[in-house]
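Start from the sequences, fold in the hints, and give me the full structure.
Chains as they are written, first to last, in this note's numbering: chain A, 1 to 292; chain B, 1001 to 1198.
No lab work stands behind these hints, which were simulated from the structure alone.
Backbone N, C-alpha and C fix where the C-beta goes; we use that ideal spot for every residue, glycine too.
Check before you lean on any hint, since a few could be wrong.
Unchecked claim - Within a straight-line C-alpha distance of at most 25 angstroms, the following computed SDA-like cross-link-like pairs (lysine to any residue) qualify: (1) A:171 - B:1105; (2) A:171 - B:1057; (3) A:171 - B:1016; (4) B:1080 - B:1023; (5) A:171 - B:1106; (6) A:171 - B:1098.
To be verified - To list a few chain A residues with every Cβ distance to chain B over 12 angstroms, as calculated: (7) 2; (8) 9; (9) 82; (10) 83; (11) 98; (12) 103; (13) 144; (14) 243; (15) 244; (16) 286.
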Amino acid sequence: MFEWFDYAFMTRALVATTVLSFSVTPIGVFLVLRRMSLAGEAMAHAIVPGIVIAFVVAGLTMGSMVIGGLIAGITVAALTSLLARVTIIREDASLASLYLIALALGIFILSSAGSAVPLKSFLFGSILGIDDESLIMLGVTATVTMVSFALIFRSLIIKTIDPIFHESQFKHSGFVAHWFMFLVVLNLLGSFKALGTLMAVGLMILPATAARYWVETMTGYVIVTFVFTLLSSWIGLVVSFYLSGVPSGPAIVLTAGFFFFFSVILAPQGFCLVRGLRTYLRNAVTNDRHLK
Amino acid sequence: MPPLAGTIDWPTGRPQPTAYLGQRTEFDYRFPVRVRDVVAMGAWPSLGFLGRIDSTCQDRISSALERTGIIDIADMPLQKLSSGQLQRALFARTMVQDARLILLDEPFTAIDQTTEAALMRLVDEWATEKRTIILVLHDLSAVLQHCNSVLLLGEGKALFGAPKETLNPENLITYRYLTESQAAWIENMYSQSKSDYV
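Spelled out as structure tokens, the structure:
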């Protein structure tokens, strides 16, 4: 049952996703709380051409991909707000247009350059793709993310709950939001190897939305999200190992999707089926007694 | 917040910490925190990046919860609060900020009468603690009862003075505090009883 443990690439993938789980948990939590789930998804696609160009020009190095991804992400974000301010279309439409163009451009360049990386693993992730360099990249990503959140956690909470208060009390109010977006891009790049460019946001958003159904405090939220993230990535990896045709991305995201529906149905702030059922039965019993 | 124009003269020569309670248009009611945490946020700006909430600060938070009358619901999640309870929590947060200068922007909109009276009493208490409070209000009777001076804004102009003298019917009409029909009605009343005012 545990023969997958003997494969070096599997242990590497497990270590990678464990580190990744620490890193993407706060990102997912704040993407959901700041109502930026869809913006995160769009950002994941927007950075694709930057990564592809960096990959074609400079090869598969961590530094070039981060720089390429950041340039593409900032370009799309800046163009989006420019179009929304100067032209007639609104922010959502301009963002959708631009990220679709960016994604298509990225895939176009990748295919025409005759890349060594198969398109399928680029889009959907591959556990085989996680090498030592990816592990180092993940370690750096997680470290930067953890240290950043230790510093900006409180500020970001106020910024999310009460932005007007935040602006009145903090000198560089805009900086926190921008730094958070930088961390989002960094973690998307970290997720690419295991999850692929199409699925990278899945491990951020789904555990965080699922966890929101169970919790009423920030501490609880972060802990439950982390547990869901970790379980999703571990179970997903093992599934992907046994079903050799299935890329790791969809396997991991589907596992997270299972936790999501599980929470929707059972959790206190979802449909709360357990309590609903109990109330229904109690009422049924009482009505029965009344009839007698 | 930088001013759009003009300067502010501080008695100490440099800007002082200012407590600010704005309107709740962008407030996120569903954020997963407890009431006590919302109140504690008043202390966060002064804590910096890594500061801890110490015991004096903890006492300040508890006393603010008590004085605003929400100590019993301190552990309730934010999303379960009523509008009045939330405003009490935000007043408590303002108290935790412990600033000499307090800005309140329309603090009693969508608030029930009991809460408004309780919160107005708190504002009076702050004044006796030698704090300066700047309120944005539409409620004339509250201004007349509680404020030392008033700045009447309207029609792109401003008038500063003592409430009783400044808020006379003539000024209220000139500064468009009253609508045309209200103005006509008041003018009618005013001309009938002009001798009372003079």
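Structure-based check of all given hints:
A distance of roughly 20 angstroms separates the Cα atoms of residue 171 of chain A and residue 1105 of chain B; the hinted pair therefore holds under the 25 angstroms criterion. Between residue 171 of chain A and residue 1057 of chain B, the direct Cα distance comes to roughly 22 angstroms. Compliance with the 25 angstroms bound is thereby established for this hinted pair. Distance hint between residue 171 of chain A and residue 1016 of chain B is fulfilled; the C-alpha atoms sit about 13 angstroms from each other, no more than 25 angstroms. Restraint check for residue 1080 of chain B and residue 1023 of chain B: satisfied, since their Cα atoms lie roughly 20 angstroms apart, inside the 25 angstroms limit.
As the CA atoms of residue 171 of chain A and residue 1106 of chain B are separated by approximately 24 angstroms, the hinted pair is consistent with the 25 angstroms bound. The suggested pairing of residue 171 of chain A with residue 1098 of chain B holds, with an alpha-carbon distance near 18 angstroms, which does not exceed 25 angstroms. Distance check on residue 2 of chain A: its Cβ is at least 37 angstroms (rounded) from any Cβ of chain B, clearing the 12 angstroms threshold; non-interface status holds. Under the 12 angstroms C-beta cut-off, the non-interface status given to residue 9 of chain A relative to chain B holds; the minimum distance is some 38 angstroms.
For residue 82 of chain A, the condition that its CB be more than 12 angstroms from all CB atoms of chain B holds, with the nearest at approximately 23 angstroms. A cut-off of 12 angstroms between C-beta atoms confirms that residue 83 of chain A is not in contact with chain B; the least separation is 24 angstroms. The claim that residue 98 of chain A lies off the interface holds: its Cβ sits roughly 26 angstroms from the closest Cβ of chain B, which is beyond the 12 angstroms cut-off. The claim that residue 103 of chain A is not at the interface with chain B holds, since no C-beta of that chain comes within 12 angstroms of its own (minimum 31 angstroms).
With a least CB separation of 16 angstroms from chain B, residue 144 of chain A remains clear of the 12 angstroms interface cut-off, as annotated. Distance to chain B confirms residue 243 of chain A as a non-interface residue, since its nearest Cβ pair spans about 36 angstroms, more than 12 angstroms. For residue 244 of chain A, the requirement that its beta carbon stay farther than 12 angstroms from each beta carbon of chain B is met, with the minimum near 41 angstroms. Every CB of chain B lies more than 12 angstroms from the CB of residue 286 of chain A, the least distance being 28 angstroms, so the non-interface label holds.
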